[in-house]
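**Student:** For reference, the chains in residue letters:
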Amino acid sequence: MATSLDTPRAQAAASTTGVQRLSRPLGETGKYLVLALFSAFFMIPLVWMVSTSLKNAEELPLYPPIWIPDPIRWDNYVTAFVEGSLGGYLWNTVVVTVPSVIGAVLSNALIAYGFARVQWPGRDYVFAVVLATMILPDFVTFIPLYLIFRDLNWLNTYYPLILPIFLGSPFFIFLLRQFLMALPAELTDAAHVDGASELLIFLRIVIPLATPALAVVALFQFIGSWNDYFGPLIYLSDVDKYTISLGIANMESAYGFSNFAWIMAATCMSILPIILLFFFAQRTFIEGIALTGLKG
Amino acid sequence: MTAAASSFRFSSSRDRRRLATGLLFISPWILGFIVFRVYPFLASLYYSFTFYPVLRSPRWLGWDNYVNLFDDPRFLISLWNSTYYALGAVPLGTLFGILLAMLLNMRVRGLSAFRTIFFLPSITPIVAAAIVWLWMFNPRSGVVNYLLSFVGINGPAWLGDPQWAKAALILMSIWSVGNAVVIYLAALQDVPRELLEASSLDGANAMQKIWNITLPMISPVILFNVIVGLIAAFQFFTQVHVMTDGRGSPADSTLMMSIYLYQSAFEFFKMGYASAQAWILFLIIVVFTMVLFRVSGRLVYYGGR
Numbered sequence: 001m002a003t004s005l006d007t008p009r010a011q012a013a014a015s016t017t018g019v020q021r022l023s024r025p026l027g028e029t030g031k032y033l034v035l036a037l038f039s040a041f042f043m044i045p046l047v048w049m050v051s052t053s054l055k056n057a058e059e060l061p062l063y064p065p066i067w068i069p070d071p072i073r074w075d076n077y078v079t080a081f082v083e084g085s086l087g088g089y090l091w092n093t094v095v096v097t098v099p100s101v102i103g104a105v106l107s108n109a110l111i112a113y114g115f116a117r118v119q120w121p122g123r124d125y126v127f128a129v130v131l132a133t134m135i136l137p138d139f140v141t142f143i144p145l146y147l148i149f150r151d152l153n154w155l156n157t158y159y160p161l162i163l164p165i166f167l168g169s170p171f172f173i174f175l176l177r178q179f180l181m182a183l184p185a186e187l188t189d190a191a192h193v194d195g196a197s198e199l200l201i202f203l204r205i206v207i208p209l210a211t212p213a214l215a216v217v218a219l220f221q222f223i224g225s226w227n228d229y230f231g232p233l234i235y236l237s238d239v240d241k242y243t244i245s246l247g248i249a250n251m252e253s254a255y256g257f258s259n260f261a262w263i264m265a266a267t268c269m270s271i272l273p274i275i276l277l278f279f280f281a282q283r284t285f286i287e288g289i290a291l292t293g294l295k296g
Numbered sequence: 001m002t003a004a005a006s007s008f009r010f011s012s013s014r015d016r017r018r019l020a021t022g023l024l025f026i027s028p029w030i031l032g033f034i035v036f037r038v039y040p041f042l043a044s045l046y047y048s049f050t051f052y053p054v055l056r057s058p059r060w061l062g063w064d065n066y067v068n069l070f071d072d073p074r075f076l077i078s079l080w081n082s083t084y085y086a087l088g089a090v091p092l093g094t095l096f097g098i099l100l101a102m103l104l105n106m107r108v109r110g111l112s113a114f115r116t117i118f119f120l121p122s123i124t125p126i127v128a129a130a131i132v133w134l135w136m137f138n139p140r141s142g143v144v145n146y147l148l149s150f151v152g153i154n155g156p157a158w159l160g161d162p163q164w165a166k167a168a169l170i171l172m173s174i175w176s177v178g179n180a181v182v183i184y185l186a187a188l189q190d191v192p193r194e195l196l197e198a199s200s201l202d203g204a205n206a207m208q209k210i211w212n213i214t215l216p217m218i219s220p221v222i223l224f225n226v227i228v229g230l231i232a233a234f235q236f237f238t239q240v241h242v243m244t245d246g247r248g249s250p251a252d253s254t255l256m257m258s259i260y261l262y263q264s265a266f267e268f269f270k271m272g273y274a275s276a277q278a279w280i281l282f283l284i285i286v287v288f289t290m291v292l293f294r295v296s297g298r299l300v301y302y303g304g305r
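Heads up: the protein sequence lines correspond to chains A and B, in order.
Just so you know, this note's numbering puts the end of the first sequence at 296, numbered straight through with nothing missing.
Just so you know, this note's numbering puts the end of the second sequence at 305, numbered straight through with nothing missing.
Think of the hints as simulated: they come from the structure by calculation, not from any bench.
For clarity, every value in this text was computed on a predicted model and none was experimentally measured.
Incorrect hints may appear among the rest.
[Said to hold, decoys possible] Which chain B residues face chain A? A few, computed with CB under 7 Å, are given here:
1) 19
2) 21
3) 37
4) 60
5) 71
6) 170
7) 201
8) 235
9) 246
10) 249
11) 275
In this text, a Cβ means the ideal position worked out from N, Cα and C, and glycines have one as well.
Please put together the full structure from these sequences, using the hints given.
**Tutor:** Here it is as structure tokens:
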């Protein structure tokens, strides 16, 4: 997990590497120029989204585009709730996301423990199968899955979106297994000698130690469920059951250009929980992402 | 002999107990594997050889779906579009991902601010991003052409022009490169500093060090990202579905394999035909992954860790 990027060691590494030669004033300016250009590229869509969400309908088609609306129309956000039934979409998304996060943490922790801390014959072969399923595209399996859920009469319910998550996902199993394998054996040896059951060891010793890794799983699942479009698209048919991604796409196609300001307000509101989460848990995010790539 | 035999039996009963414990822990995965992976995988293979209008039961056809697909101009277009998109978005994403990570890995003031700015787009919900970009690409009042006008470029109609629509999607894909930047940055920080220092003493310049040390050291991470990126690119769906109302317009120029597959299944209700499309998509992904592993065998350096 120790991949923090702001450590003194990392700073020192950066300062003593080949950079020195480049760090003449010209190279220095060029570096910040490129970084600033890319920052603009990354930020402009987000700034424009916020700016548009506060515009008058008359300001929308203006060219050159207006960046600071006058007057600032905060009431677009009210319109998004009243006209666009944003509140319903947000609530539906919470209803799907919360159990999904719980399911992902519970199931993947159990499964990863079985692969990381219990020695059983054939374990590594089975784990290879887990890894192999990662390249199986969702587009190959979705038609039979859709038909299964249809036959269960679960179309237009949230079960197809939530229940599969309670059965683990290869990516999270992989991530947690790496973390659990790195915990020293001595941590659980004493408990084993005392005759404690694996379940007790799992719950009392390993789970508390694995909290940082479980937080990564919770975060990724939250974002995954919150942002999901394809699942709700194929399984939900009543508009009042739509989750936020589907709801916003629906607003975009149902209302035209003249309503675009409050549609952007709704879009801002859909991103807000993710942005807030990011700022509260930035470290977990960055370390989690770094972990996914490095141990691959 | 008896001692050995009994100890063997002891260990095998212990093995059995451990096997039971292990299987109990992974039992949710076993259930999910059978119900949500193996069964749908085999079922879609079977459906791909059938005529299956969704409300009636499947009827065996043999290879007809596959033969018909390669006579279907829209399928061939979707094959071309997906390949075009993947071969545009993945190399560009890799290039910019590494470039930005290298810049951030130099001594940079405000590192965490830059990292946040780069990273935010990649956690923005795809639908939200798609809607924002849809209007930014608007040929008349959009921000993209407005900004291009500052450097004297009269921008194209982007998503309204079959010649430019895929380019617009690739440009948009670079916007969410931040995820890869974070991964590459972490990898760069694991490159042993002694190696770079030693080569400095030997008189290597910055380019030589990047080419001979940094890139080989992070090559396993590059391979991982390229494979993940390629698999995702061939399943590219949401942006196109939102930005073109599910049509892959204009003139099928953004009709990705995933979009046409979705249309076959849920607009034309041809589940067998759609399954055959899914299997071709799967085979393409498998072939690309295998080729990448094969080719990269010579290029990727695994001694770094």
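**Student:** Provide an ascending list of the numbers of those earlier hints which the structure does not satisfy.
**Tutor:** 4, 5, 6, 7, 9 and 10
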